[in-house]
Every structure is written in C-alpha cells, then in structure tokens.
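These protein sequence lines map, in sequence, to chains C and X. Take the first sequence: its position 185, counting from 1, is numbered 185 in the numbering used here, and each next residue is one higher. Take the second sequence: its position 17, counting from 1, is numbered 17 in the numbering used here, and each next residue is one higher.
Everything labelled a hint here was simulated from the structure, so no lab data went into it. Hints may contain errors.
[Unchecked claim] Facing chain X, according to a computed beta carbon distance under 7 Å, are these residues of chain C, among others: (1) 220; (2) 250; (3) 362; (4) 372; (5) 410; (6) 416; (7) 419; (8) 420; (9) 421; (10) 422.
Yeah, the Cβ is synthetic: ideal placement off N, Cα and C, and Gly gets one too.
2 protein chains.
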Amino acid sequence: MSDEREAVIHAARAARIAAADLAICTRAQKDAALNAMADALVTHSGIIIEANSRDISSAVAAGTDPAIIDRLTLNAERILAVADALRTVADLPDPVGEVVRGYTLPNGLEVRQLRVPMGVIAMIYEARPNVTVDAAGLSLKSGNCVLLRGSSSAHNTNSELVAVMRNALSETDVPVDAIQLAPGTTHEAAKHLMTARGLVDVVIPRGGAGLIETVVTQSTVPVIETGVGNCHVYVDEAADLNMAVDIVINSKTQRTSVCNTAETVLVHRNIADEFLPMLMHAFKDAGVTVHGDSAMAAAAAQVGTQFAPVTDEDWAAEYYSLDMAAGVVDSLESAIAHIRRWSSGHTEAIVSNSQPAIRRFTSGLDSAAIMVNASTRFTDGGEFGFGAEIGISTQKLHARGPMGLPELTTTTYIVTGNGHTRH
Amino acid sequence: MSDEREAVIHAARAARIAAADLAICTRAQKDAALNAMADALVTHSGIIIEANSRDISSAVAAGTDPAIIDRLTLNAERILAVADALRTVADLPDPVGEVVRGYTLPNGLEVRQLRVPMGVIAMIYEARPNVTVDAAGLSLKSGNCVLLRGSSSAHNTNSELVAVMRNALSETDVPVDAIQLAPGTTHEAAKHLMTARGLVDVVIPRGGAGLIETVVTQSTVPVIETGVGNCHVYVDEAADLNMAVDIVINSKTQRTSVCNTAETVLVHRNIADEFLPMLMHAFKDAGVTVHGDSAMAAAAAQVGTQFAPVTDEDWAAEYYSLDMAAGVVDSLESAIAHIRRWSSGHTEAIVSNSQPAIRRFTSGLDSAAIMVNASTRFTDGGEFGFGAEIGISTQKLHARGPMGLPELTTTTYIVTGNGHTRH
Numbered sequence: 001m002s003d004e005r006e007a008v009i010h011a012a013r014a015a016r017i018a019a020a021d022l023a024i025c026t027r028a029q030k031d032a033a034l035n036a037m038a039d040a041l042v043t044h045s046g047i048i049i050e051a052n053s054r055d056i057s058s059a060v061a062a063g064t065d066p067a068i069i070d071r072l073t074l075n076a077e078r079i080l081a082v083a084d085a086l087r088t089v090a091d092l093p094d095p096v097g098e099v100v101r102g103y104t105l106p107n108g109l110e111v112r113q114l115r116v117p118m119g120v121i122a123m124i125y126e127a128r129p130n131v132t133v134d135a136a137g138l139s140l141k142s143g144n145c146v147l148l149r150g151s152s153s154a155h156n157t158n159s160e161l162v163a164v165m166r167n168a169l170s171e172t173d174v175p176v177d178a179i180q181l182a183p184g185t186t187h188e189a190a191k192h193l194m195t196a197r198g199l200v201d202v203v204i205p206r207g208g209a210g211l212i213e214t215v216v217t218q219s220t221v222p223v224i225e226t227g228v229g230n231c232h233v234y235v236d237e238a239a240d241l242n243m244a245v246d247i248v249i250n251s252k253t254q255r256t257s258v259c260n261t262a263e264t265v266l267v268h269r270n271i272a273d274e275f276l277p278m279l280m281h282a283f284k285d286a287g288v289t290v291h292g293d294s295a296m297a298a299a300a301a302q303v304g305t306q307f308a309p310v311t312d313e314d315w316a317a318e319y320y321s322l323d324m325a326a327g328v329v330d331s332l333e334s335a336i337a338h339i340r341r342w343s344s345g346h347t348e349a350i351v352s353n354s355q356p357a358i359r360r361f362t363s364g365l366d367s368a369a370i371m372v373n374a375s376t377r378f379t380d381g382g383e384f385g386f387g388a389e390i391g392i393s394t395q396k397l398h399a400r401g402p403m404g405l406p407e408l409t410t411t412t413y414i415v416t417g418n419g420h421t422r423h
Numbered sequence: 001m002s003d004e005r006e007a008v009i010h011a012a013r014a015a016r017i018a019a020a021d022l023a024i025c026t027r028a029q030k031d032a033a034l035n036a037m038a039d040a041l042v043t044h045s046g047i048i049i050e051a052n053s054r055d056i057s058s059a060v061a062a063g064t065d066p067a068i069i070d071r072l073t074l075n076a077e078r079i080l081a082v083a084d085a086l087r088t089v090a091d092l093p094d095p096v097g098e099v100v101r102g103y104t105l106p107n108g109l110e111v112r113q114l115r116v117p118m119g120v121i122a123m124i125y126e127a128r129p130n131v132t133v134d135a136a137g138l139s140l141k142s143g144n145c146v147l148l149r150g151s152s153s154a155h156n157t158n159s160e161l162v163a164v165m166r167n168a169l170s171e172t173d174v175p176v177d178a179i180q181l182a183p184g185t186t187h188e189a190a191k192h193l194m195t196a197r198g199l200v201d202v203v204i205p206r207g208g209a210g211l212i213e214t215v216v217t218q219s220t221v222p223v224i225e226t227g228v229g230n231c232h233v234y235v236d237e238a239a240d241l242n243m244a245v246d247i248v249i250n251s252k253t254q255r256t257s258v259c260n261t262a263e264t265v266l267v268h269r270n271i272a273d274e275f276l277p278m279l280m281h282a283f284k285d286a287g288v289t290v291h292g293d294s295a296m297a298a299a300a301a302q303v304g305t306q307f308a309p310v311t312d313e314d315w316a317a318e319y320y321s322l323d324m325a326a327g328v329v330d331s332l333e334s335a336i337a338h339i340r341r342w343s344s345g346h347t348e349a350i351v352s353n354s355q356p357a358i359r360r361f362t363s364g365l366d367s368a369a370i371m372v373n374a375s376t377r378f379t380d381g382g383e384f385g386f387g388a389e390i391g392i393s394t395q396k397l398h399a400r401g402p403m404g405l406p407e408l409t410t411t412t413y414i415v416t417g418n419g420h421t422r423h
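In isolation and in its complexed conformation, chain C is listed as follows (with noise of 0.2 Å):
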C-alpha cells in the first residue's frame, strides 16, 4: 500500500470511528458545534485570509483566470458570510430520527423506517473555498464524518478553514474527526477516497462536467451526481407572450454561470410570427446571442439581434454564458421530443395556458424538475425552502433535484415485537 492510500484510508478509518459517536449526538450538542465553528471562523479571520493569500500569489502567478481567482478570494466579508451559513444551518430541523414511515403489522410487530446518518461522506470539489465550511457544516448537522477533497489551488486556504473548525470542535461534545481534510492533492489521493469502501458510505463530487465523470466513472463507493444542466424553455402555442419573454429572459440571463440557467428556447409554430419579434427584442436588450434555425435567423436579422446559425453542438451546450440556442417546433410533441434528446435531465419550463398541453408536458419529459409557467432558476434548494442546499442531483437513484438535509441521510428499520418468530 502507498503511503498516499495508506494516509487516505488511515482518515477514512478515523472518520468511521467518529461517525458512531458522531451518530448519536443530539441536535443541542451539533448546533453548538456549528455555532462553535461560526465564531472560531470569525475569530481566525486573520490567519485564514493569510493561508487565502498564498493560494492567490500561487494562482496568479500560474497566470490563473481573474474570474477564478475571484472565487478562490476569502475576505473579512466573504468568512462573516461563511459563518453565518453556518449559523443558519444549526436554525435548520434535524432530519435525524424523524420517522419516515411506521405501522403495525397484523402479527404485533410495530415497523418505524426512522433516518438515520449516511456516516461517511466524502466531498469532492472546485475552486470556492465556501464549499469547504457549507460542506463541513451541512455533513455535521445530518449527523455524518466528511471528508472534504478541495482543489489543490486552494489547499492552504482548505488545510486553514479545517484546522480552524477542528480546534473550535475540541471544545464541543461532536468529535473532532466529524471533520477532515483528505489527505494528499494528487489524481491517485482522490482516488484512493473513491474507492474506499466499506468505509466511505457515499462520494458527492461537485465542481465541472469533466470532475463529475471522473468521479462516476472511477468509483466504487456509490455517487450522488450534481448539477450538470442543459435546461430549456417551451413556449407553447396557447402561452401568454409577454409572460413567455419575460420567463425565456429571466431563465436566461437572471444568472448565466449556473446549473438551473435555461440555454435552449423552443416555439410553437403557430405564435412564431408574433413571437419572434417580441422575444428578439428582448434578447436584444438583454445582450443575448442567439443560435438558431432559419426562422430564427429570419426574426434576428429584422430586429437586430446577435445571431449565430445553430449546430448540434449548440443543442447539447450549456453555454454557462449569455448564448441561447432557438427554435421554432412544428408540435409540443417535437418539443418534447427535442427535450428528451439534448436535455441533461435537469429543469425544463413549459409556458402555456392549455391544460391539456401542460399535462402533456410534464408527463412526457424525464427531468428532475419541471416549470409551469415559471423560470427554470427556481430549481433551487433555497427557493425550494430547504434552507440549504449539498447540490441539484440529476441522477435517478437516491436523490433527485435540489437536495437538502434530508437527502445526506439514509433510513433504518427499527421492528419491535415481545419474541415473536417466524412461522
């Protein structure tokens, strides 16, 4: 065994071990744990920006993106922030112990499905410092170890934020161990934590498409897969067409760089003519290029709109930026159609006022979540009222759409009878 794998399961051991003590403490004890990590953030404000700034001198002189050298920035204000995340999610609900389900058999036995921890969970992720305190504090509060794999541009600032919410742990009743950083910043480290089984109970990677595929693909502990998104917006020929533009542009350009921004407009054949100048207008206001077919083109070129012919390319990109690709479809059929094949599954938006199309809509499609009449950027834990948010699944099994506390926890069955046996 390397001394790397040997480093890696040596924490994931640790982590298993805190994980049965970590299990039974009670919401009291891991909210002032939270709390706890919330002041010790602030209070070491000083020496964290410090580790920040040697991860930025680093990464400029790689001659690194100013965008992501944004992201990797902690201030007095950005650690105030991560803390009080902090402090909002001791305010949240346990979700440990809550019963999911109980009944009593015909025989007596009394069956109650209660949550419980995951246990281990191992994070693996991009860039934004943040992800390391949100991830350590949502892992604790739903009773589970994390191991947090950050990126290695941010390793001083991760190793910092760690140690820092360690020490403020060593004071509390959760143990210390309920957080590590995982040892090692190469490729092999992170795979040594993907395929530690038996001791890592789940992987939640989150960052790009490229780190999510990784992680799927090279894993053995099971995965929750996060937010990849290529979400569209169906304006159907029984819609309401201001409500359409204004629902197609928020979708769009409220935030570009996210998972739950729309990248693809579909139209109804049948409102194209009046539609068409409308949504140009906007887009145009909105500084939106367009990638789209001929009716598309015909519609750009009147208005003036930034315009591009669409591709294949187009349909399946998630642009991340202020690019939508447009078409005009002769059915909602070929809309759904279209959907099921360049959709990543994530959220998709029908605005209509046709109860049967919408029916139709929200049958017909495979996604996690589907609009009506509303922007795709409401796919959000937070707007969804969890309070907090791990990530937008958008695989099948387990979790589905924005995932909150509930969703780190599993369940057990707890079955109680006075000697009954099996006949």
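Given chain C's structure and the hints, the job is docking chain X onto it.
Same frame as chain C, but now just chain X:
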C-alpha cells in the same frame, strides 16, 4: 464497437424509447398487461417446460449440483406460482404518481414532488428462472422497462419465458419492449449492460456475493446492492431467556439458505451460566453446529452439542447452513463493537426487556434493520407488508432494507406558477 456491444446498446435504446410510452400507461393498462402475461405463461407452460428441460439436460451433463438443478427446474406447478405472483403484483397499488411532498411557497409557487418510473432497469441475476418473471412484473408495474440478464445455464428457459411475456404484451397497451432479454450470455455482454450510461438508469444484481461485487466494481451505471447477510442476535443480561432461545433458534434454523438468517449469537456474560445450557440443548435438538469461544465450548461439551472453536473466518461467515458462530461478551458495548466490526449491515436482533439497553443497541448500530425481541427472519418485503420484494438493499443510498415497488421509482418536481421569475 463489437457486435455484442452493439446488440446490447440496441436493446437498451429500444428500452429507452419504450420507457417514454410505458411511463404514461395508466394503472389499468399495466394491470391488464400483467394479467395477460400471467394467462400466457399458464397457456404456454408446455413450451416453457420443454425449453427448461433443455437447460436441465445441459446442467446434468455438466455434473451440476442437484440443489442447483432443483432451483433451475420449472414444472407446471411452479409456472402456476409465478403466474399467480404476477396477478398479485397487478393487485398492488401503483407507486407512480404518488405525491411524496407538496407545498406552496411564500411567493405562490406550488411545489409537488411526484413518484415517476426510473426508466430502464437492468437486472443481473443467477439461476432461478422465476426471477425472470418476478423482475419483469415488478418493473412493469412500477412503469420501468427491464433488461433481463439471467445466468447462461437458464438461457433457454429465460428466452422462452420472455418470448411468451412479450407475445402477451403485443395484445395490450403496454409496449412490447418493456420486457427484453439482454443480448449475449458472456461476461463481456453483462459489462456492456453495466456501462450503458444514459441508456440504463439502474443495475440491480441479485445473487451471491461474487456477482454483487463484480457488478458494484465494474458498473458505471448506479447500482442497488442487494442481500448479503451476516446477521447477529444479541442476548442481553435483561433478556427473557426462553424468548431468547426461541428467537435464536428461529433466526438460525427457520430457513438457513436466506440472507436474513442469523449467523452469530452473542450472549451477555451475566446470564451465560444459566442461558448457555438452555441454548446448547436447543442447538442440539435443531442439529446446529456451534463455532464458539471457550465458554461456549464448555457448555457444548456438557450437553453434547456439535462444536468447533471459533475463528475470525467464522465471525465473518455467511454460513447459509446449520452452523452458527457464538460468543460470550462482557457488556452491551462489547456486543455493539463486535457487530459493528463483523456485520454486513443487514439485520441484527436484541433480546432484552431493558429499555435503556434496547435504546442503546438500536442507536449504536449501523444496519438496515434492527429487531427488538423478534427474529431476524422478519426482515423481508412480504413480512413488512410490501406485497412484493425486489430484494433487500444493504447499501445506504436510495433504498435500505426490503425494497418494494416504490423503491423502483424516482421522483420529479412539478413547480407551477403564473409567470414567476426570480429576482
């Protein structure tokens, strides 16, 4: 792409297309199809038995164990039983469409989380041809298309069963490709199935530990692990000793070849003097061989119970036979530590009248089910009242413990507004 891989991908694509149609079939349409399949199996039992006899001849010629040949055998009576099982599935409630969660947000958005089919399930299983029919029925009822990959020793039987069921479907509203035999009988063909990401939504292996390990490590499609069991019974110092004997004997001997059979008994030292002789008499009467520690050795010798010294292999063993590992523990905490170390996380039982001991036992373990004063044999979909069982999950993601029809579904969020955009 190899021909075999092409055939698997082709079948998976056909399943994917059929899945869109099956997902919107009503319960009445699905139940009619299940009953038509049941009728067809009975009507065509002659050709099914003929196909089965070819598999049996090959197995006999290969010198296969008679117990395995028995499991492979279909006769008229067994075909009636699998047909009845399909009718029972038709009578179960449809999980699809159930509103799992629903609320209205402060901004007026209506959020509904609905159960929907997974889509395409690949079932990889060993030996018994009844699984072919069971899995087809449960998948269809839950709105999923299934790719059935049985063992090559049952290939003629499974081919005929699937042909009969598909032929029955052709007369119904359910698409024929809802049920397909996965092409190929090689390990490579199974691997193609497990790596058909985007076409297959979930792989469920049913069989021995070797099969499950292979699927878990080779699959890039999400897997639900089922049914590996090393279950424990702990007899506490506050146990009713007669009840404890009944529960240990029932847990071990009521049926030895299944995953919810107990393989280890742990006895609190404070009651060992009184309890071990009772237990050894019962073991002797039931023909159980004890693999025990020194205290067990002494008690076994006095009574004349079959005995062997216990080893670490015994603590880890799933005997699936009339053998049982046995030890005396100094405390409840020692019992918990032993179980945490050796258990497969399936089912553990405590026999005790002490509420604090029960509370500590149920919160201190990490298994799918905990029995309090009841036999481990009750961890079962049928016993839990699910009406049908896909298997018993020993993983923590998605489903844990006995899986019924709802565990074959995922959910989707339908969010309805009237022009809502995000600020």
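Practice item. Grab the minimum C-beta distance from residue 419 of chain C to chain X and call the hint holds if it beats 7 Å, violated otherwise. Key: 4 Å, holds
Exercise for review: Classify the hint on residue 220 of chain C as holds or violated, based on whether any CB of chain X lies nearer than 7 Å to its CB.
Suggested key: 5 Å, holds
Review point. Does the nearest C-beta of chain X fall within a distance shorter than 7 Å of the C-beta of residue 372 of chain C?
Key: Since the shortest Cβ distance to chain X is 4 Å, the answer is holds.
Review point. Can we keep the residue 362 of chain C interface hint, with Cβ of chain X closer than 7 Å?
Key: With Cβ-Cβ at 5 Å, under 7 Å, it holds.
Check your understanding: Going by Cβ atoms only, is residue 410 of chain C closer than 7 Å to chain X?
Key -> 4 Å, holds
Check your understanding: Close enough to count: is the Cβ of residue 420 of chain C nearer than 7 Å to one in chain X?
Key -> 4 Å, holds
Exercise for review: Would you settle whether the hint for residue 421 of chain C is holds or violated, based on the nearest Cβ-Cβ distance to chain X being less than 7 Å?
Suggested key: The hint holds - residue 421 of chain C has a Cβ within 7 Å of chain X, the shortest such distance being about 4 Å.
Check your understanding: Does residue 422 of chain C meet its interface restraint, that is, does its C-beta lie within less than 7 Å of any C-beta in chain X?
Key -> Since the shortest Cβ distance to chain X is 4 Å, the answer is holds.
Exercise for review: Let me know if the C-beta of residue 250 of chain C comes in closer than 7 Å to any C-beta of chain X, holds or violated.
Suggested key: Since chain X brings a Cβ to about 4 Å from residue 250 of chain C, closer than 7 Å, the hint holds.
Check your understanding: Minimum Cβ distance from residue 416 of chain C to chain X below 7 Å?
Key -> Holds, because the Cβ-Cβ distance from residue 416 of chain C to chain X comes to roughly 4 Å (cut-off 7 Å).
Hint compliance for this structure: no hint is broken.
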